[in-house]
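*Asks:* Chains A and B are the protein sequences, given in the same order.
Under my numbering, residues 1 to 317 are what the first sequence spells out, in order.
Under my numbering, residues 1 to 317 are what the second sequence spells out, in order.
Derived from the structure by calculation, the hints contain no laboratory data.
Just to be clear, a hint being listed does not mean it is correct.
Identical copies look the same in the list; a pair holds intra-copy or inter-copy alike.
[Stated by the list, open to error] Listed next, the in silico DSBU-like pairs over lysine-lysine satisfying Cα-Cα at most 35 Å (straight line):
#1 K84 to K192
#2 K48 to K284
#3 K240 to K192
Number of protein chains: 2
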Amino acid sequence: MTAQSSSKLHKATAFAPASAANVAIGFDILGFSVDVLGDKCTVTRTDKPGVTISGSSGVVKDIPRDPEKNTAGRALLAMQESIKPGFGFDAFIEKGIPLGSGLGGSAASAVAAVVAANALLDKPLTKLELLKFAMQGEAVSSGSLHVDNISPSLFGGLVLTVGIDNPRVKQIPVPNGIRAILVHPHLFLSTKAARGILKPDVKMSDFIWQTANLGGFISGCYTNDLDMIRASFEDVVIEKQRSQLIPGFDAVRAAAMANGALGCTISGAGPTMFAWSLDADAVKVRDAMVAAFQAAGKETDDWIVAISSTGACLVPG
Amino acid sequence: MTAQSSSKLHKATAFAPASAANVAIGFDILGFSVDVLGDKCTVTRTDKPGVTISGSSGVVKDIPRDPEKNTAGRALLAMQESIKPGFGFDAFIEKGIPLGSGLGGSAASAVAAVVAANALLDKPLTKLELLKFAMQGEAVSSGSLHVDNISPSLFGGLVLTVGIDNPRVKQIPVPNGIRAILVHPHLFLSTKAARGILKPDVKMSDFIWQTANLGGFISGCYTNDLDMIRASFEDVVIEKQRSQLIPGFDAVRAAAMANGALGCTISGAGPTMFAWSLDADAVKVRDAMVAAFQAAGKETDDWIVAISSTGACLVPG
């Protein structure tokens, strides 16, 4: 028995955090990780190449057992097809992220699966290589290739992804003292449906406005310029189309802004909404958002988090 | 005579650099200054409030003498209307930037005018205040309020402007060793006409692609990431519509890229094209671009510049 073979793992478990995609001004390209909740995946080496899903637990029931229809399964299949490790993967998924919440649950399952499987390989891949496999998995659930949840779940923090075929990832610094307040109303929204309502075109004036805001937001993050972040934290393209799907949206956003939020918008495809604020304002922003959802007849869960994370990682099984 | 009144200037001259707007991925919001050429304006205090244009010299003939129709004059009128200094401005304009070249000539005249006039005020204004007056001037020539030439000419360097009514300006660092190569084919293009051909909408997929590139470009600048700058230095929205107005566009761009350019696109509304490259590649990029324009039957002027500038400033009259 060689030293190498003795170190081979038979089984590994990874945690991948939830994430808030779009971040108002970065539709399909920007997201941040939310590491107080996430999915776990335990991948076990099997003799026969291929992928099986042995089961699941947690907050989501009835996860598809067909790996082609399962986000973790499809990501693992993409990995198998590409690197042909000479053995198979069995996955057991532990869902911590509610389905249809806008918190990147399908991305997290795909990311946890590839990070766990990576630990079983003789030659582990880089995170950028894993990103492509996880993208394939997420496409099963969202209906299209996109990375704005995958990248932050995998890398951690506020993450910009440029390109799909040859993605490049940039972790953007978030000024110290900023907190994200996430409020999840109890309501299911399908990502596919939330994409389906979007108009196929963007008005030129909205395009210019949104790009200015994106530029301002990113510049503000790199330079600790809270005034610039606040001034540019506004989605003029997507939010007005999707907000109709969220009961109480206008009141929740107004409540957050009136209580000192730097910005407040939809997390991914929704219905979760999030705000950014300074630490000192986070509790009152959260309370105001929760109260506004309650006034609209919606019970909620909420979280206040710092946007700092190492992204997906191996954990004890 | 008080100390204050004795320091009052009767006349001041300011230089405002040329600029390249849009920078591929920042249509109407981004531009960089080009300080090897520019316009000068000498403003003289007159007894009667109001604005006169006493004359002009330089590369542009037949500048309108009616201040309402002159970019410098309109900017000075906006300043008069706002601050009511109790005296008037006469302007003499020295044009160093060719008309209809895509190098921000109308912006530079407006900027030079307000910077010179500012030196005559008892209480000089900030550059951000001057920006609003210069914008009014530029609108005379371009037909709309925009700031992507005004801001770099006034502040210097690579400049992002967020907002029109309450503009915020961000000077974005450009990695050391980068040079801008500008090649101006002898051909007049009207900014109004070049805006007129643009479609009123942007396809959602192009919108996403362009925002990814903008985010990548700005992130790349803040982090000295030349690979990211190169990967994201591509306009998928405006360039394909306007490039038809520039003879040889495809060949010039291809020549620049084949010789090591990080990116190559239209300067503002054109017809000037510019590339960015490392210092070591700048001469061969320039030579290749010039040769491609010549093959298309166009004579050219060209400049190689570092993107560093203090922006508009007072100079000896």
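*Asks:* So, for every hint listed, does it hold in this structure?
*Replies:* Hint check:
no., hint, in the structure
1, K84 to K192, "within (31 Å within a copy, 58 Å between copies)"
2, K48 to K284, "neither (54 Å within a copy, 56 Å between copies)"
3, K240 to K192, "both (17 Å within a copy, 31 Å between copies)"
Against the hints set out earlier in the document, a violation occurs for number 2 only.
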